[in-house]
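Undergrad: Guided by the hints, dock chain B onto chain A, whose structure is given.
If you're matching them up, the sequences are chains A and B in order.
Those letters in the first sequence? Residues 1 to 380, by this note's numbering.
Those letters in the second sequence? Residues 1 to 380, by this note's numbering.
These are computed hints drawn from the structure, not numbers from a lab.
The reader is advised that the hints may include incorrect statements.
Since the list gives no way to pick out one identical chain from another, each pair is judged satisfied if it fits inside one copy or across any two copies.
Heads up, simulated SDA-like pairs for lysine to any residue below, C-alpha to C-alpha not over 20 Å straight-line [said to hold, decoys possible]:
| id | residue 1 | residue 2 |
| --- | --- | --- |
| 1 | LYS344 | LEU47 |
| 2 | LYS175 | ALA37 |
| 3 | LYS344 | ASP52 |
| 4 | LYS175 | ASP163 |
| 5 | LYS175 | ALA261 |
2 protein chains.
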Amino acid sequence: MASVTLSPDGSFITLETDAGTNRFHAIWLRDNALDAATRALGNGQRLIALRDIPADTHFTAATVDADGLTVTFAPEGKTVTFPLDWLAAHNYDRAAPATRGWTGPQIACWDSGLMGAVPIGDFTELVQGGRALRDWLGQVNRYGFGKVVNGPVEEGALFKIVDLFGYVRDTNYGKHFEVRTEVNPTNLAFTGLGLQAHTDNPYRDPVPSVQVLYCLESSAAGGENMVVDGFKAAQRLRDENQAYFDVLANHCARFEYAGEAGVCLTARRPMIELAPDGELIGVRFNNRSLAAVTDVPFDQMATYYAAYRRLGEIIDEETMEVTFRLDPGEGFVVDNTRVLHARKGYSGEGKRWLQGCYADKDGLRSRYDAMTREMQEAAE
Amino acid sequence: MASVTLSPDGSFITLETDAGTNRFHAIWLRDNALDAATRALGNGQRLIALRDIPADTHFTAATVDADGLTVTFAPEGKTVTFPLDWLAAHNYDRAAPATRGWTGPQIACWDSGLMGAVPIGDFTELVQGGRALRDWLGQVNRYGFGKVVNGPVEEGALFKIVDLFGYVRDTNYGKHFEVRTEVNPTNLAFTGLGLQAHTDNPYRDPVPSVQVLYCLESSAAGGENMVVDGFKAAQRLRDENQAYFDVLANHCARFEYAGEAGVCLTARRPMIELAPDGELIGVRFNNRSLAAVTDVPFDQMATYYAAYRRLGEIIDEETMEVTFRLDPGEGFVVDNTRVLHARKGYSGEGKRWLQGCYADKDGLRSRYDAMTREMQEAAE
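Looking at chain A on its own, in the form it has when it is part of the complex (with noise of 0.2 Å):
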């Protein structure tokens, strides 16, 4: 049996339900009131503002049964009821995150342990939409990357690939880019032995939230790909020594590429981005880019250094990379707000062609949305 008790002063109410005892306030449930006088049916915006609403707003009633909670609002009398699921779902009456650099329920972080269960979607397969491209965008979303195989060899098949989620982020490195290495013994130097797992673009502000690489041709031994999980670094760091974890999260990194004519891009960022409230939202590492750091103060200098080093250590470690090749056709898709990748060296001649292009996670995560909220309706 559910109740429900108003405070004294009308400010806020405590539902007692299945789901627990849970406290509303007035003007949260009038300010999220469902009925069409407040969002509208079609796309279920707000069509009133918050000065709309009365700043006194209280409840003068308040009753709770199977159809759900049911409250008057003065000065307004207006009445609205919200199913109690709704409300389950939307409960805030909960502690605030005590850890720093916590994930959701949705993010599940890896290491090497990985390797035997990379997320691989079948191109054949994904183009058809349907349950194969839900759970590959659901994998990608989780692990923070993902593989396509069976895909076209032909210029430009990554973007089909883009297709499946989102769209292309053009920039001055134009809608895509190359990647050709040719191997020559001769010329280790050109091979690109010792590249340091990174993400890339971090002196982009917005940072391109998403890369795509494909294979188009691939002759040569080696030349694998690796990633590496940055949340999972960057939560060893914090378990390890939270001061490094801390002094990372806590100051602005700054970074730059002004290598080419007309351009100059400049971020300052930090290297583990927290919410407000702490959660683990953003890495950015890359030497290559990494400008003076000039945003901690002196006596925190040393300990920033230090704990860069460790991070770039972790991210070094063999038990937290996970390998795979990729043949002509085949593709991986990376969180780059979130996953480093980099590229193994390679042995004996070839060539080596991919194409490279950014995209943004925000269409990504809505595609998997919407698809998994059609899915349950159509179960409904």
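TA: Chain B only, in chain A's frame:
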């Protein structure tokens, strides 16, 4: 006369010059060395990672003269020189910012006092590049918006505005969207009266950081465009009531748009966004797409709603707004992470047709900084 002294353990130096007394760590100077083995001559990217620099790096010698500071690092035995002006520009031996919500010297906050000095660029001059474009971009960076006049009256002309500084951000709304209004005095509800100033697409993450609106037809009286400096509004809120500012900055709001098939865009970000050191870096304000806020604990929610209401009141004040009319062939660019926009109501009959699109700030800032750098180099 400049002088330099080594710390007893060689971990830092103290440099006295005309610019003041500043300390620099050995590890910081080594990582930021400007020699060709550390930084690529062509594009300036760092060629080594921190793992390539010994953790016990320290100074064994330091001298200073007119050419700059010359230091020798052990255990590498490497000697590098830094120009004194580079060191002065990259000094980090200073106090951290003490005030939350600060903005850098590149930003000028404004209110209705800016009415007589709206940044305006003439399209026919802007497309020539050069100083007219550089100065207009500088004003857009500084004030967060800028108008363009004398542009072509043709569909898609807004893309020519974007070409001045960056790239269109394609979204589920397309590369551009149409804003058409037919003003009919028998249906005033359709005139958009009462639309509160807002930022666009707060439910997108990353949010589009630039919006362009361009007028192709305007036979209706009224319908002025209105902009409000969200940074100014946030700083006014802070100066009035620090607790209000803090509650909006310390907790994430939630934004959502799920109003069409296949789209379910959600974001969890604060209305007032700060860098970890308190720099004001973003404002999100949009009553239509604010979802139920569930990340504010119960005991903070009443304060949160009072602060959200007060921020809206400040935004609604006439003393905060700058208005301007857009005639056919005119448009404006707005920093959507900072400046709110709205449209005033119409009177009489007529039509109004605008086209809008999104883009990003990184390109705009890059173009301005690169043009400034090139003009300085040309002058030297």
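Undergrad: Each hint should be assessed against the structure and marked as holding or not.
TA: Results of checking the hints against the structure:
1. LYS344 with LEU47: For LYS344 and LEU47, only the inter-copy Cα distance (17 Å) is at most 20 Å; the intra-copy one is 54 Å.
2. LYS175 with ALA37: neither (44 Å within a copy, 32 Å between copies)
3. LYS344 with ASP52: Classified as between: cross-chain Cα gap 18 Å, same-chain 59 Å, threshold 20 Å.
4. LYS175 with ASP163: both (13 Å within a copy, 14 Å between copies)
5. LYS175 with ALA261: within (18 Å within a copy, 27 Å between copies)
In summary, the structure is inconsistent with hint 2 from the numbered list given earlier, while agreeing with all the others.
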